[in-house]
Each structure stands twice: as structure tokens, then as C-alpha cells.
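Model the placement of chain X on the given structure of chain A, informed by the hints.
Protein chains: 2
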Amino acid sequence: MLIIDCHGHYTTAPEPHQKFRDAQLVRIKDSTLPAPVPAQVSDDEIRESIEANQLRLQRERGADLTLFSPRASAMGHHVGDESVSTAWTRACNDLVKRVVDLYPENFVGVCQLPQSPGVPISHSVHELTRCVRELGFVGCNLNPDPSGGHWNAPPLTDRHWYPFYEKMVELDVPAMVHVSASCNPNFHATGAHYINADTTAFMQFIQGDLFRDFPELRFVIPHGGGAVPYHWGRYRGLADMLKRPALDGHVMRNVFFDTCVYHQPGIDLLVKVIDIDNILFGSEMLGAVRGIDPQTGHHFDDTRRYIDALTISAAAKRQIFELNARRVYPRLDALLKARGQ
Amino acid sequence: MLIIDCHGHYTTAPEPHQKFRDAQLVRIKDSTLPAPVPAQVSDDEIRESIEANQLRLQRERGADLTLFSPRASAMGHHVGDESVSTAWTRACNDLVKRVVDLYPENFVGVCQLPQSPGVPISHSVHELTRCVRELGFVGCNLNPDPSGGHWNAPPLTDRHWYPFYEKMVELDVPAMVHVSASCNPNFHATGAHYINADTTAFMQFIQGDLFRDFPELRFVIPHGGGAVPYHWGRYRGLADMLKRPALDGHVMRNVFFDTCVYHQPGIDLLVKVIDIDNILFGSEMLGAVRGIDPQTGHHFDDTRRYIDALTISAAAKRQIFELNARRVYPRLDALLKARGQ
Numbered sequence: 001m002l003i004i005d006c007h008g009h010y011t012t013a014p015e016p017h018q019k020f021r022d023a024q025l026v027r028i029k030d031s032t033l034p035a036p037v038p039a040q041v042s043d044d045e046i047r048e049s050i051e052a053n054q055l056r057l058q059r060e061r062g063a064d065l066t067l068f069s070p071r072a073s074a075m076g077h078h079v080g081d082e083s084v085s086t087a088w089t090r091a092c093n094d095l096v097k098r099v100v101d102l103y104p105e106n107f108v109g110v111c112q113l114p115q116s117p118g119v120p121i122s123h124s125v126h127e128l129t130r131c132v133r134e135l136g137f138v139g140c141n142l143n144p145d146p147s148g149g150h151w152n153a154p155p156l157t158d159r160h161w162y163p164f165y166e167k168m169v170e171l172d173v174p175a176m177v178h179v180s181a182s183c184n185p186n187f188h189a190t191g192a193h194y195i196n197a198d199t200t201a202f203m204q205f206i207q208g209d210l211f212r213d214f215p216e217l218r219f220v221i222p223h224g225g226g227a228v229p230y231h232w233g234r235y236r237g238l239a240d241m242l243k244r245p246a247l248d249g250h251v252m253r254n255v256f257f258d259t260c261v262y263h264q265p266g267i268d269l270l271v272k273v274i275d276i277d278n279i280l281f282g283s284e285m286l287g288a289v290r291g292i293d294p295q296t297g298h299h300f301d302d303t304r305r306y307i308d309a310l311t312i313s314a315a316a317k318r319q320i321f322e323l324n325a326r327r328v329y330p331r332l333d334a335l336l337k338a339r340g341q
Numbered sequence: 001m002l003i004i005d006c007h008g009h010y011t012t013a014p015e016p017h018q019k020f021r022d023a024q025l026v027r028i029k030d031s032t033l034p035a036p037v038p039a040q041v042s043d044d045e046i047r048e049s050i051e052a053n054q055l056r057l058q059r060e061r062g063a064d065l066t067l068f069s070p071r072a073s074a075m076g077h078h079v080g081d082e083s084v085s086t087a088w089t090r091a092c093n094d095l096v097k098r099v100v101d102l103y104p105e106n107f108v109g110v111c112q113l114p115q116s117p118g119v120p121i122s123h124s125v126h127e128l129t130r131c132v133r134e135l136g137f138v139g140c141n142l143n144p145d146p147s148g149g150h151w152n153a154p155p156l157t158d159r160h161w162y163p164f165y166e167k168m169v170e171l172d173v174p175a176m177v178h179v180s181a182s183c184n185p186n187f188h189a190t191g192a193h194y195i196n197a198d199t200t201a202f203m204q205f206i207q208g209d210l211f212r213d214f215p216e217l218r219f220v221i222p223h224g225g226g227a228v229p230y231h232w233g234r235y236r237g238l239a240d241m242l243k244r245p246a247l248d249g250h251v252m253r254n255v256f257f258d259t260c261v262y263h264q265p266g267i268d269l270l271v272k273v274i275d276i277d278n279i280l281f282g283s284e285m286l287g288a289v290r291g292i293d294p295q296t297g298h299h300f301d302d303t304r305r306y307i308d309a310l311t312i313s314a315a316a317k318r319q320i321f322e323l324n325a326r327r328v329y330p331r332l333d334a335l336l337k338a339r340g341q
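Chains A and X are the protein sequences, given in the same order. Residue 67 in our numbering sits at position 67 of the first sequence, with consecutive numbering throughout. Residue 128 in our numbering sits at position 128 of the second sequence, with consecutive numbering throughout.
Hints are computed from structural coordinates only; laboratory data are not their basis. On a predicted model such as this, the values are computed, not experimentally measured, just so you know. Note that the Cβ used here is the ideal one computed from N, Cα and C, for glycine as well. Careful, some of the hints might be misleading.
Said to hold, decoys possible - Which bits of chain A does chain X cover? Going by a derived footprint, with three or more residues having C-beta under 8 Å, they are:
| hint | segment |
| --- | --- |
| 1 | 10-22 |
| 2 | 40-50 |
| 3 | 179-192 |
| 4 | 228-238 |
| 5 | 248-254 |
Bound-form chain A, shown alone:
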């Protein structure tokens, strides 16, 4: 059995990369400055940033492979304009590709998109295509709220998003629904904005006809599906009340939850109410919560322990750890098969 972590971010990118971003931010305020160019980052800097962090933890915790994307909170689609987002996104994705090239056994790329408030999502098709076809990435992170907490884009079920979905289907890649930082003081990023976005997206999928129009479209809703599994009765009831199809014959054909839920009772509930086929192992590491749980003595985000502790069959665990990810990310499956895995 492989252990595939479907949710990892390059939160430890070398400093020159952040300096490039800082230069972008300065130039937003002073457009007379020259456009900054992406950082020169050495292989050694990348190795250092990965080996001391994600790779070390991957090994310590016994995961084989991480679907690796740029730092989500730093996507910052609300910062600057489309040209800023495009340059930053390309640099972030290129850096993830460098990590993948250095550690092809351990990391597989998932891309950020050059979204920007008010900009048609069709403008993100090119970067998705580049990352999948040229860089070998297997999925993307789609931000349902590029405004960073003002929520003024149309719902994910709106035709606004369809040009992008068409390309996702054509390339056979899923999207993780993932917001970035919040510039709304009401929403703490990892404590409210992330979880709210997960919950919001799921309810949009219940209301809309997206999966009738795109039966092959697949979304991973991270952070254990936000509030959804805890309120599974509410969502089953709302689907019924709104005269929408039952969840298991509708949304749950196309939507999957990861296991980024940082305590045993939460994972117990997730596995109890959600079909095993819809759960993908993920840790969000190095991510939102870096500390050690005093109640267990282990890191909050060491989510493998919670799954290991479940009293479910070995076959079910293999679904969560490996097979569901291979099904949801067919390009990952193809890549693994080409390696004889």
C-alpha cells in the first residue's frame, strides 16, 4: 500500500522567493519601479527547505508521496491585479516543479491558478494547461473567493466557471476547492475562512446542477469537508427540502473530502458518516496547525495516526490512503503505474 497525502503545501519556500513577492507588493504601491523578476533559487536552497520540513515529516510519519502545491495562504489572489497574480502564480508553480524534479518519488505537483477578482476564469486555463501538460502536475487548487473574504465572485455552480471546468474535464484533473488568505478582519484564514469556504462550496454543489452539466468533474473539499460531515443530517435534510437529489446519488459522486481534521473524534465522525470512497488521506502539512496536541503528545496535523487508529478494514484504509487518490487524480495513477507502483 502507498500512503498518498493529497494535501501538502510548499509553506517553507526559500527566502528569495518571498523577496520576489515582497518586491511585487512594493511595486503595487509604486508602479514606476521595474517589474520584479522571479527569484533565483538554488537546488541546495530547495533541498534544505524540503528535507528539514516536508520530507522529514513525510518520512517520520510514514507517508510515501505528497500532492504538493504552493502555499495556499500566500496565493493572495486579492493582491494587486491580474498581472501580479499571473507572475506570482507562475513563479510558485515553477518552484513546486523544482521540488518535484528533485524528489520525484516524494512529491507530485498540484498548481495554483492566476485568479484575480473580476477576471474571467478562462484566463486561468492557460496556466492549468501549462502545469498539467508541460510540468506534469495532476491537479489544481481553485479559489472560490479570489477577493480574499469579500465573496463577490459567482458561486462555483455558475456558468462563470464553466470554461475552466471544460479544461479540467479535458485534462482529466480534479480541483481542490481552496481559498487563500483573508483580507476581511472577520475571518481568520485557517480558523474561519478556510472552513467556511469548504462548507459554502458544498452547499453550492447541493443547490446547483453542475454535475449534471459536468458528470466527470471532480472536487476535493479540504479540511475534512469543513462543517459538512458534522452537519451531515442538515445537508441530507436540506437536499430533501430543496427537492435536490439525495447526496449519495448526486454531489458525492463528484466531491471528495480530505482527512485534515486534527483530532481523533473528528476523523471517527468523518469515516462514520461519509462513504469510504469519498475520503482521501491528507495532512495539510506544513500547514495551519504546527503544534503538538498536549492530549496525545503528537502533532495535531499527524493525521495518519487518526486513520491508523480507526477500526475499519485494511481494504478501507487502503482506499483512504491510496486508491481513492489514484481514482480522483487519474494522472497520478498513470504516473505511478508508469513507475510500476
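What follows is chain X alone, placed relative to chain A:
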């Protein structure tokens, strides 16, 4: 043991009351019309609306008393201006008072507030005082987002809200944190906006110093605390990472969750991770989800069944059903004691 439902709404108010609202909405578009006056509603109309609905279900499900407030989704603080909100709020609260007067054994009032986007919260102090001192209400519903899904008010921990908190403490009444309808197409009201608001408020409380400034202030976060109990590890970890006090010595001294979680596994988790002292029985009835769960044959919102099914002590159940509500709502306790209950 009394069974006190801390979360009920007058979702079945007689038609004339809705016609008053409709007249308000028409006048927003045509200010040359005369200001509408609140509806004349007969006692019989009120009896009919209550006996066939909330009172019937209260009896069928074996609850004794409901903390009863105006329909949350109809508060509509984002509709019209402050004068519209004030007139509507007063009419809604007066109607709840009529219900309480007709069925004093079964209903105790909780008030709506005349909030309006951009209007200082001090303008809600008068209606709170009127409802508590003159109408005998025991709590209020405070909307953290009077904009209806645009989230442009300051966080609940901001000094913006302090004048209202001072009055809450003076009157010794808690607030349920409860948004109203969403005018943002991203957020389904009961499927996303409500749950997001619960999660958002909790994270704000972690970040802020509100309970240092108001050690006696009490909030009920409805809908089982939004996503919070499911992600309890995340919130414990974030408090630690943000160098905030541990939840049990800080936020959980002042914050309580209701049991509006519409399936057994959700209630099981709630009671497993949250201290019994912080859980108040609630049903949100007649509310968000009115149907029957095909998996159980019972109504989704018949939350008493889930608590009855818990393997916790009788003393713990009494905490949830009665004693916590009496502690969090001291004016309810006084009222019950005066009746010899």
C-alpha cells in the same frame, strides 16, 4: 427535570404580520407611500399558528419550554434602513410577547435587535432594554453580519460592539450569535451562512480579548457551534499557535453551543469533545430542516432523540436539557423559580 429548548423561532407568524413586512418592502422602493403600521393580529390567529406547529411539536417531542425568538431568516437587517429595521424588529418582538402571554408555561421570549448595516450597535440598546425590562424577555439574538453575507461589520471582539455588551452584562442576559438571511448568492442561508457565522464568531472569540474585558458576557453559538466541535483539534491547536489561552480556560467560560445538529453521530461528537457544562438543548424548530430522516424515520430536527440516545449520566442529560440553560439565562431561572419550578 425540565426540558428547555433554547433555540426556537416564530417561523409560523400569522399572515398579517408578513403583509406588514411586505408593505415595508414596497415602501423601500416608493418612499411616497405612507409608513405601514404593524399588523392587527388576533389571539385566535396566534393560537392557530402556534398550536398547530411549535406547541404541537413541543408536546409530541416532550419539551417543556422553548426560548422563543422571531424568525431568524426574516430579521433581514440588510433590508432598508435603520427605521425599517426598527419598526420590523419591534413588531416581531411584540408578536413573540403575545405568544408568551398566551402560553406562559411553554414559551419565554428572546428578542431580535434593530440592527442595520453601518449603524452603531448602541442603537440596539433601547430595544434590548425594552424587551428585557418591559416584556420580560431573557436574551437576544445578535447578528454579527447585519449586511446579510457581505461581512463588512467589525468582528464581534471589536470595541464597536462594547456599548451593547455593557447593557447585556447590566441586564444579565446572554446573546445567541445568529445571522439572518443571506443576500450573497454564495451563501445559502441555513446551509452555509448560518454555519459559517457560528464558526467565524468562535474564531473571533479565540483571537480577541473580549472575555477579559467582559468576564460575565455569555454567548450561545447555535447549530452545535458550526464547524467548531468537528474541528476541535484545529481550534485547540490554533489557540496554542496564536499564543492565546487554552480554550477551556478562556472562550469556553463564556461560550456555549446548542444541540441543533441533525444526526446522531454529530451529537455524539459534540458531547464527546465539548464539556457538558457548555451544551444547551436546542432544536431550531420550526426551522431550517423540516423533513423526516429516511434513515431514522424521525424528523431531522427532533434533537431530543439524539440526546436521549446518548450513553451519558442522567445528571449530564439534566445539564444539557435544563440546568445549563438556567445558568446561562439567569432571568429564565428566576422566572422558573418564581413559579416554583
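Comparing the hints with the structure gives:
1. 10-22: violated (count 0)
2. 40-50: violated (count 0)
3. 179-192: holds (count 8)
4. 228-238: holds (count 10)
5. 248-254: Answer violated; 0 residues pass the 8 Å Cβ test.
The structure does not agree with the numbered hints 1, 2 and 5 stated previously, though it agrees with the rest.
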